[in-house]
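Chemist: From the two separate chains plus the hints, produce the assembled complex.
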Amino acid sequence: MAASVKDQVVAIIAEQAVLEVSDISMDASLEDLGIDSLGLVESIFAIEEAFDISVPFNANDPTDSAFDVSSVASVIAAVEGLVAEQKG
Amino acid sequence: MRRVVITGQGTINALASSAQGTFEAFREGRCGIGPLDIRDVDRLAIQIGGQVHDFDPQSEFNRQEIALYDRFTQFTLHAAREAIAQAGLVFQGELAAQSGVILGTSGGGLNTQDENYRAVYEEGKNRVHPFVVPKLMNNAAASHVSMNYNLKGPSFTVATACASSNHAMGQAFNFIRSGMAKVMVTGGSESMLCFGGVKAWEGLRVMSKDACRPFCANRNGMVQGEGAAVFVMEDYEFAKARGAEILAEVVGFAMTSDASDIVMPSRQGAARAIAGAMKDAKVDPSEVGYINAHGTGTTANDKTECAAVSDAFGAHADTLMISSTKSMHGHVIGGTGAIELLACIMALKDGVIAPTIGYEEPDPECALDVVPNEAREATVDVVLSNAFAFGGLNAVLALRRV
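Chains A and B, in that order, are what the protein sequence lines are.
Using my numbering, read the first sequence as starting at 132 and increasing by one per residue.
Using my numbering, read the second sequence as starting at 350 and increasing by one per residue.
In short, the hints are calculated from the structure, not lab data.
A couple of the hints might just be wrong.
[Claimed, not checked] Covered by chain A, according to a simulated footprint, are these stretches of chain B (three or more residues, beta-carbon under 8 Å):
{"no.": "1", "stretch": "550-556"}
{"no.": "2", "stretch": "560-574"}
{"no.": "3", "stretch": "609-619"}
Glycine is no exception: its CB is placed at the ideal position from the N, C-alpha and C atoms.
Looking at chain B on its own, in the form it has when it is part of the complex (with noise of 0.2 Å):
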């Protein structure tokens, strides 16, 4: 078994256009959550989204090229032209041919669905661009990364709604920790503000009009989220031999499915993870300092969510720290444990936890040191990061400091 490190990481999301401005953000508990600004907007009941606002699609692709990316896609090149940059590699030969990109997503090239639906139903249309295809399947940011970075090892996309990023880094450092690749670009992207995509979240009933509050009393539900994460993955040996900056050792991951329930999660369900991935990681539960939670803010999510902690952890539950950075970002479904990952990183190798912003008053089924509203400094060994799925699939994935 090999160990597994994090030599590079990249993003793009409502806080900030790089890792280095995200972290900002988190250590000042900025809030990047306000009002949606995209069509029809007007006919929405949810008006509220921590949207990317200063990205200017031109400034980074030709025309060419912003025929055949969909937002999804840009967000996830922006994220790994940093995130690539950083690592410093370079893909020639046979490291080429033993590096790939697996990344997360839920809704893929959505905004291209919404727009080519709107064109032909709604103005009546009857072409549509030849590139509708090519440009919202869920592999298109994974096939341009591997395009533009020469990536020929095994490379594909995984989608399970809000897990899909912690399942695809799960299995890019299993790839790499089996010796199947070298280097793996991973992490995952979303991008569904657009009318069609809040709309349908609209009807679960779930979402909040004014804020997303984790493990607050008066919480009342989620905020959508986009942006993308991009993190490389490596061999320690060959970064070692390289000398590459290691940001974080990746140490466990573990998936659970809670075969019980489409949109109600499970205690069980979601602290077997936990416990697995801690066990795949060979830490002691007293070890973890930090877990980075799905936290959403729906009633549901939180309290659950709690309870698998105090399952998993028994007392050291009271001890470690637990927080929510969609508080800050939203929701970013498919991308969002890429983008969380980043609170993890951060934590190991700054000492500074992300804080849960927006919390008010206390919940007494979320009795957890979450962290409240102001960032925190402290030194921590071990992170977790959790993400729990609708359809009940849960991945949980555990870091080290090096």
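Okay, chain A solo, but in the shape it has when bound (with noise of 0.2 Å):
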């Protein structure tokens, strides 16, 4: 289950980025893969389609939000976080 939540971010994430599946490292950040502010509410927008899940997310403050977007393995964590708890 753990693996399908981080595939399913993975892909999202690429989508938005325009690169392949194998080009995300888990430790790039969001910017780092040329994503900006619009693209980042994009792909939680589309996070939250994909998993039927609430993302706790202003975007006029990132780092404060309980959602951490610091780098692609944090998302996954933090997608797994919501999943188990909003549908556990």
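Modeler: Here's what the structure looks like:
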């Protein structure tokens, strides 16, 4: 189950960054991948739709949101947490 | 080039249903933002707004009128009635032909759209009221003002998102300055506080769930408002000849386009508009005592706007006062510049600077005198009003004390 969350999140990020899934490294920041603030908000929307969850995120202060967007790995971990919390 | 003055003002917004009431709220630093009272509010993540609560359309309009007037038109006509009564003008004959109306709005009849989409999509109805189109169109408010007051000159509606009203008032100013019109009724209106209107803004993730705290270190987004403000602008010689009370003179206007990003503001684009308005007004930056900021309470706007003010004013940026009244009436989107022009007139005419309320902690990236929490008495000669829209369209007005 955890692998599938990871795969889906990576696919969403890859699509947003216009990159191959294989080019997405876990420690990259979304900024490194060329995703700007609008792209970030769009990625979060795609994640909410894919997992039917609600992501707490305020674009005014991404670092203060409960949702850690500092790297691809942190986004995956945060989504896993939200899926367990909201769907478990 | 003719001089242009303001001789009438009217409004309805979350703070009050008149200009005088709004000035009192500005002086007191009163907050008009509170829980939203709209259908399906429980399905919204954002449940606050600067909503107009004590407005009864039935007491101002008859049944036939209400069938034709969306809420944004009702707000406009309420404000126009106050402004035109104050100006004391009756438009007939040659004056009517030389007078027009230019208004700003972003969403137009959004409540009408929301209600009727709901009827056909959610409730499955296959028939809508015959007046849906004339009620929702963006120019409905301008047209009804023209019909109510017999304004037969240049009239249209401007839609440039959050800069709509400033763009509209800038056009009205230039129409009179160039001699194309003698009197212009101008300003703007917005009524976006319906389920669809708030839900759309939620999607951008820039809205605050608790308060609008512009320039404050812990600000966390914007809060929507609703309402209208309308002004009568006229040729100075005409106003003087008829003995009209002059509230302020409009002396400059500039608009720029960032040509860069659909939502992120640009320091250069904003600074060019501010500098352009001062150049157009032939005022030296040191003469400007107050700026009514765009000040939305988002991270991006407020720090970019402060940087732009620093660029345009140099050292004088630390001397002038800049406040955002959105902290009190919310962001009235296409109508916001018009409502905020009231704070500019109050500064010039009454010598009272409206505060930025809800201010808690300083942000080093917004290190200007934002007139925190309490109104201040000060004599100012020249003021600016900033508006920077999504899409990178900027419009800044300059006013002078008469």
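Chemist: Can the stretch 560-574 of chain B be counted as covered by chain A under the rule of three residues or more with Cβ-Cβ separation shorter than 8 Å?
Modeler: holds (count 3)
Chemist: Cut-off 8 Å, C-beta pairs, minimum 3 residues; does the coverage of the stretch 550-556 of chain B by chain A stand?
Modeler: holds (count 4)
Chemist: Is the coverage entry for the stretch 609-619 of chain B by chain A consistent with the three-residue Cβ rule at 8 Å?
Modeler: holds (count 3)
Taken one by one, the earlier hints all hold for this structure without exception.
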